[in-house]
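**Student:** Following the hints, complete the assembly by docking chain E onto the known chain V.
Protein sequences, first through last, are from chains V and E.
With the first letter of the first sequence counted as 1, position 46 gets the number 1156 in our numbering; the numbers rise by one all the way through.
With the first letter of the second sequence counted as 1, position 215 gets the number 386 in our numbering; the numbers rise by one all the way through.
Bear in mind the hints are in silico, worked out from the structure with no lab data behind them.
In this text, all values refer to a predicted model and were calculated from it rather than measured experimentally.
Some hints could be false.
[As the list claims (entries may be wrong)] Which chain V residues face chain E? A few, computed with CB under 8 Å, are given here:
id : residue
1  : Gly1158
2  : Gly1316
3  : Leu1390
The C-beta atom is built at its ideal place from N, Cα and C for all residues, glycine as well.
The lines below spell out each chain.
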Amino acid sequence: MATSAPEPLSAGIEAPGRLRQPKQVIGGAVAALVAGWLIVKAVGNFGGFLNATLLGLTLAGLYFVVASGFTLIFGLMRTINMAHGSLYLLGGYIAFELQEKLFSDNKGGFELSIGQSSGETQYSTIEWLVPLLIAALAMGVLGVLIYQLLLRWNQGQELRQALITIAVIIIAGDQMLAHFGGVAKDIKLPASWPTSVDIPLIGSFGFFRLTIVLGSAILVGLLLWWMIKRTRFGLITRAGVDDRDMVSALGINIPLVFAAAFFIGSLLAGFGGVLGGSMLSLQPGQDSAFLLNSLVVVIIGGMGSLGGAAVGAVALGLVQAYGASYLVFGGTDLTNYSILLTFGLVVAVLAVRPYGLFGRPA
Amino acid sequence: MILLVPALALFIVACGGDDDGGGGGDDGGGSSDEPIKIGFLSTCEGAFGAFYEATAGGFNVPLIQRGAEPVSDTPSDGVEGAEIAGRPVEVVGYGCSDETPEVAVNEARRLVEQEGADILVGPLSGDEGIAIANYAKEQPDKTFVNGAAGAQDATLKVQAPNFFRFHTDGAQWSAGVGEYAVEELGWKRAAVIGDDYSFAQTSAGGFIADFCANGGEVVKRIWPSLGETDYSSFIAQIPDNIDGIYTAIGGEGLISFINQYIEQKGPIEPDEMIGNLFVDDPIVLKEIGEEVVGVTVSGNTAADATGPDVEEYLDRLSVYPEVAEAGASVFVYHYYGAMEAVAKAIEQLDGDISDVEKFHETLANMELTGPEAPYGDVRLDENRQAISDNYIKQVVPGEGGKPPTVKTIARVPQVDQQFGGAFTPDTPSPDRKNPECKDYDLPWEGKLEPVDFESGESGE
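This is chain V alone, in the form it adopts within the complex (with noise of 0.2 Å):
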């Protein structure tokens, strides 16, 4: 018996070396399989392939919003405010409330009717901006509160900061049921604005998704670029990802930094809330439906890492736009199990890069 023991320890010892190789071969078989199919469908419907691509950039926007007030929290503070869902979801039913109470012309009371109340009701642009900036602007306190009562004293505990924070979500997600109910409910666009704009090759388009969701979404990149490559906030919030410990010993107020952190952070998950309440619609099960979304977004692109965040977006709304229409092969439809694409990606990405494409170890 003991002569065979040494056998199995050398195989275990040479394995990963082994393994590698194959890893590698099947990854770059797998990817090259998806650009082949993908360039096929292409050239078989070019218009519908730029329609698809252009669904998944918007939803990518949508998401990047979202994911990148999480990823900027995480990057700081190794905390993962579970919560960032429920303040999404929170931050379009206020824009919602706000909408309804200060600018609608309807009465309220007791009234049968889908969804919203009556549609007769026309905004001007300015009666969505102002819901739209008081929400964020509140889910940008509450941040800070979330943070101020419930995560300062657990300071470097992560896994009780995470599960407080999953606390909030579940008695945010009961109270915004019995408060708003669990009808879905759109925060209406100005009337001002087209419903589609044409482009070339593809038809009509929507006109908010193209131009106000994706444009936001590109202006939150380069704000929150240029915040963190060219302030003095963002200097230490880099220097805090890379070794918070020395951070604070140089003297820095880390207490208010955090808080500042939280603040965009949540700010942009309201922002995030009021787009996709006018993109899509508000209902319950968001709440987790997008904490969901901005995990897997920062996972693919890396904990912490804003590029990262625009990438795993982007790869995550590509993914589901092409997985809702290209899942068809000859006869056989799938697209309805498009939504295992997604977990397919995020295990792809991590058996190649563990902590993601951008991440680094904490």
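**Tutor:** For chain E alone, kept in the frame of chain V given last:
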């Protein structure tokens, strides 16, 4: 390490609060001073949550008709002093589901096993209906009368002896509309888009059987999940080389779908879309009516119908003015018909429903006529499934600033669930691929009766 936390979180979120019901029920319905206990089950969350008060209103009206007083203007607040055939009636609870079968069965258990309901009226939607029909087999001494759930399997496949459906199912609501598409709209090739669950697949299945029986071809079937918020990728899948699209998207999703369809494809060409009953539901028309004017729809109500029976029905509903305005909504009409059938059966037995078998037999032989079923007489087949009329309609602009309504074009009299043999207990359930597109032999082929209610042609 980092991945563990999200996994844990999502696990917890996914499993968020549900509670178990238990405990023994008491068998009521015996002596004459004991109240008959009735439970109401509908959905107040999710894609169909907006129809909750409409269903509660329809359910309450037969009780109010028999002397009960509404507690408030909101139907789900309940009624007081209900009596049928001298027996007091107690509504033990207004149950609320979220269109999922799990929650529906949990609520049914609560109402039946904990609150002691003898009779359950509900649920609202397809998958729930199949689940409740199966649950009915567990409770043979209780009585289950379907609310508005329209999946075919609930009666055709499950066949619970104590589960009754006094309205036609999703496929029956499509009877005749495929022929209309071929003959009047000139469709040869069509695509189908619908929610990925039993009711929408039943509804689309009826269209497919009817359309293909008349020589049409269904080239693509697209199934976004129920409660989807972003239909754009699914709309992108609709082929260009078709004559029209049949939509079986329901509830909240329909509003997003129509808006996003217009965003991507431009204004709806009326001759290129046929909708199921959700499109012309008065509650939905208030929201998206202008966009779908001219579109063809089908279903078992006719909002423009006139005549004494319809007037009497709407008059009964008028205790709830909002509900009366939506009288042709299947959610009001079906819950009304269900409760009306229950009340009539209790009356026929002089308030004594202690002999459950006799009560079930009475229900199985029940016919609804006149103001009890103003849009077409209802009788049940051997699976306790309704046989009744179906209507082909067109969405038309409303008069005097009112939301759009419908103009009825044709009637298909007394449609049966089995489509003359196209659907049987042995054929596959309607799903993503079934029924096949082939030449079925339908009893009503070539027999659509033209209807014009405006000229007073109500012809009951």
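**Student:** It remains to establish, for every hint, whether it holds in the given structure.
**Tutor:** Status of each hint after checking the structure:
1. Gly1158: holds, 6 Å
2. Gly1316: Interface hint status for V:Gly1316: holds (4 Å vs cutoff 8 Å).
3. Leu1390: Holds, about 4 Å.
Consistency note: the structure conflicts with none of the earlier hints.
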